[in-house]
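One-letter residues, chain by chain:
2 protein chains.
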Amino acid sequence: MGPKIVFIGAGSARWTSRILADIFLNEDLRDSEIWLMDIDDYRLNLISTLARRYVKELKIPMEVHATKDRAEAIKGADFVISTALPKGYMYYEKMRDASEEHGYYRGINSVEWNYVGDYHTIWGYYLFKLYMEIARDIEDFAPDAWFFIVSNPVLELTTMIGRETKVNVAGICHGFLGYRSVIEVLAMRLAKEKFGKNIIPHCATHRAECYDELRRIINLEDVEVEMKGLNHVIWLTKFEYKGEDAYKYLDNWIKEDAEEYWSVWREHTMSPWDLDLCPAAIDMYKTYGYLPIGDSVRGGTWKYHWDLRTKQYWYGPYGGPDSEIGCAIRILQVRRRIEEIARMAFDRSRPISQSMPLKPSGEVIVTLMDSLYNGKPADSYEISFLSGQVRAPIYVNILNNGTISNLPDDIAVETHVRVDSSGIHPISRGTIPDKLYKYVMLPRITRAEWALEANLRGGRDTLFQWLIVDVRTRNMKQIDDVINAILELPENKEMAKHFS
Amino acid sequence: MGPKIVFIGAGSARWTSRILADIFLNEDLRDSEIWLMDIDDYRLNLISTLARRYVKELKIPMEVHATKDRAEAIKGADFVISTALPKGYMYYEKMRDASEEHGYYRGINSVEWNYVGDYHTIWGYYLFKLYMEIARDIEDFAPDAWFFIVSNPVLELTTMIGRETKVNVAGICHGFLGYRSVIEVLAMRLAKEKFGKNIIPHCATHRAECYDELRRIINLEDVEVEMKGLNHVIWLTKFEYKGEDAYKYLDNWIKEDAEEYWSVWREHTMSPWDLDLCPAAIDMYKTYGYLPIGDSVRGGTWKYHWDLRTKQYWYGPYGGPDSEIGCAIRILQVRRRIEEIARMAFDRSRPISQSMPLKPSGEVIVTLMDSLYNGKPADSYEISFLSGQVRAPIYVNILNNGTISNLPDDIAVETHVRVDSSGIHPISRGTIPDKLYKYVMLPRITRAEWALEANLRGGRDTLFQWLIVDVRTRNMKQIDDVINAILELPENKEMAKHFS
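Keeping their order, the protein sequence lines are chains A and B. By the count of the working numbering, the first sequence reaches residue 500 at its end, each step adding exactly one. By the count of the working numbering, the second sequence reaches residue 500 at its end, each step adding exactly one.
One or more of the hints may lead you astray.
You can't tell identical chains apart in this list, so a pair holds if it fits in one copy or across any two.
Here are the computed lysine-lysine pairs in the DSS-like style, where the Cα-Cα straight-line distance is at most 27 Å [stated by the list, open to error]:
{"#": "1", "residue 1": "Lys435", "residue 2": "Lys477"}
{"#": "2", "residue 1": "Lys129", "residue 2": "Lys94"}
{"#": "3", "residue 1": "Lys286", "residue 2": "Lys493"}
{"#": "4", "residue 1": "Lys56", "residue 2": "Lys68"}
{"#": "5", "residue 1": "Lys497", "residue 2": "Lys286"}
{"#": "6", "residue 1": "Lys303", "residue 2": "Lys477"}
{"#": "7", "residue 1": "Lys194", "residue 2": "Lys75"}
{"#": "8", "residue 1": "Lys497", "residue 2": "Lys129"}
{"#": "9", "residue 1": "Lys286", "residue 2": "Lys59"}
{"#": "10", "residue 1": "Lys94", "residue 2": "Lys75"}
{"#": "11", "residue 1": "Lys286", "residue 2": "Lys166"}
{"#": "12", "residue 1": "Lys238", "residue 2": "Lys94"}
{"#": "13", "residue 1": "Lys493", "residue 2": "Lys435"}
{"#": "14", "residue 1": "Lys435", "residue 2": "Lys166"}
{"#": "15", "residue 1": "Lys68", "residue 2": "Lys192"}
{"#": "16", "residue 1": "Lys493", "residue 2": "Lys68"}
{"#": "17", "residue 1": "Lys129", "residue 2": "Lys286"}
{"#": "18", "residue 1": "Lys359", "residue 2": "Lys435"}
{"#": "19", "residue 1": "Lys255", "residue 2": "Lys497"}
{"#": "20", "residue 1": "Lys166", "residue 2": "Lys376"}
{"#": "21", "residue 1": "Lys238", "residue 2": "Lys286"}
{"#": "22", "residue 1": "Lys477", "residue 2": "Lys286"}
{"#": "23", "residue 1": "Lys194", "residue 2": "Lys238"}
It is worth saying that the hints were derived from the structure and are not from the lab.
Could you put the whole structure together from the sequences, leaning on the hints where they help?
This is how it looks when you write it as structure tokens:
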């Protein structure tokens, strides 16, 4: 019998189905016991229908259980994976609307180093509460289980569970994979310098020609990268090619190629998330000395986020995923994807394994389970990447405890780890560079602490403290007004008590 | 031969004369060699005239030297005490004016947890530079000397010298003595509870009746206090009476007596600095769980400082020393005091020891020198206090290095110390309470780091980063405008280069 793997909020069907695919494809996890838990009947039916059809069609010897009872699901689990988002994403849009009516553009949740539209910190009361409840269930019913937190805010939730409970916890985010962008920069530069070839337009449009050329020119073994920081504020602190500092390639790219790249990119980009080398990323590199990786690009200060026009200047035509445009596109995509999966799951005229063939997700989570459960040590995993199979380092979020010596011990850091049957162990140690510490880590940690205080301890003043330092605050009455507007939403009755 | 004691910026005549009085009165320091250094001829003449008249009249066997040559003064020194403020206090008022013209009320230097009008951080370029130069002189010419920093910003300057140089450094501030206010609270409560006596009006006006009663009711040995924090953000973390937590007396005072106290105080207060128990102090206690001590009351967030009316609500009729009113009063007092000292120093018709009789200053600095130089261990010193002589604990600012375990090692903390010939040693260890850590220490340390980065490393962006999170910033142009306005002041030619 294999591990008991529990999905909380399993109705996040796209994500769950991608991880299920990884499990189905892993020879050593095919005898797992899968528990799908969600409070929404329709969504639970959708994901369990999907899972059971695969199992049946592909003759996988796996039990699939569906339940609305969280404790039952968690009981005796080896792994608990949660993507649960209580009250749904539109609830947060209501709070954003209420905020904007009182002068807080993009909502009171959007502040320095966290402008990500669905990274709910200060207004995440129900979310923080649910994760504490899940963790308490794990303490009671599966004390040895690993709890993988996939829901944002990964930084705050992982820190909270790590501090407040005895649960084995790791926060999961694939943002760190954004480091591939500097390898593309390297390819663009080497193609030009060595072969007089301009692949910038291919790379700016993410065409196969870029990646093919990249793999012809670069042996990925010659590239060494290391990222340091917190979830969504993680930076490329090491970038070497053939043993030498390779940031010089980025410097030359900025000088000679960036304008061309951006002009093609502005003309063709098809996704608000297509930001790895956008003007904001490069400006942050110039300002803080290191390239921001993955979703970190979406952070920064109000310099990049003042209004839609500012966002479009720094993040391209959609203003990034966190502008009013990008946010609407995100919602539209979520809806379309669920619709699409539902169509296939319930269309019994075609085998599900044909309409949605299993393919690796690129997520790290199944490697973690395989390593922990089956005792296979790993510090990297194979993913499809740059038009081929490559090994990527395993990065997860765990409590710092000295990994980055100039950050507090009890904050979750996103770090390269080695995983084996005894647990998850950070590999890279050291310090976060001075400028990042001062201008990124300190403000971000401050906000994380304030969000935790607000959601765990409550009291109206914890909201006031959040807003009295907000650049959008024009007067004291505005603070009271926006707090009232948010707490008076019908959904926020309980939350209003917490903050009274 | 006794120690060589050097005053840099000795022309801060009132302060220097008070410390000289302590030296003259200390039997074991009467053979000191005094060096007075200032770049201003008039001020140097003033303080050296004063010092030499005392020495002559009182037949003190002390050499008094006056010089404009800093290196000469420092050479072979045992103690270097600096109150130097390059360009004078009116220079900073010009920057405040330029800021206010661009919408930054009280100047860009005034931000969360530092609203003190003469605590110059972000715009202290010349000040930070001078202190580095003094420290380099000490490294070169008096490597074993102790450097006592009396000039604000004590937090930033002490941290800077501690980090960047090899000099023995301590930051000196008497703000911690503000803890007496809770002893007055204790007296008001005990007088009422035990003897049915109302001494609130006496205490609100700081009349002798209050202190006489206090000493009748309370044996000061029964009171134990401890403060924790950084300079100007230090909090009463322990307050015990007869071995029991005494914060309950403050709670009852707030419930039953505060209104009466405030009403008398508002009617009679004669000083903008009379703030130990003002409404802001009590509101901070309610918000953060501990009473702010000394100048810490002047901190807080914009909640207390939004405009003059807000300041007057929280700090009384003058709006505290940092309002436009209080600031003008401060300048007036500085001018009057210098004028007064000059009158006496140059009036040879009366012995100076009669017109300005020597009396102890209440400052800790001479105790430090006596302990360090003469090997007399001490963790407290005698001061006139509450209408009598009491022993107060010695608090100074030194690099943390684990004293407060949840603060970074390389930030200067204000802490109780024991002093002996081997150095200055922190006594009280432990952690800063959670809420203070989150809402006070993190934001204050962030600003300290930003000020150090700006003044040590420069670059226009270090000013931009300061302002992009400022609640007074209304648009991006305003940031550029205020930076330009400040850097275009004729005095700021060099500073403008540093920040270009």
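Which of the stated hints cannot be reconciled with the structure, identified by number in ascending sequence? 7, 9, 10, 11, 12, 15 and 18
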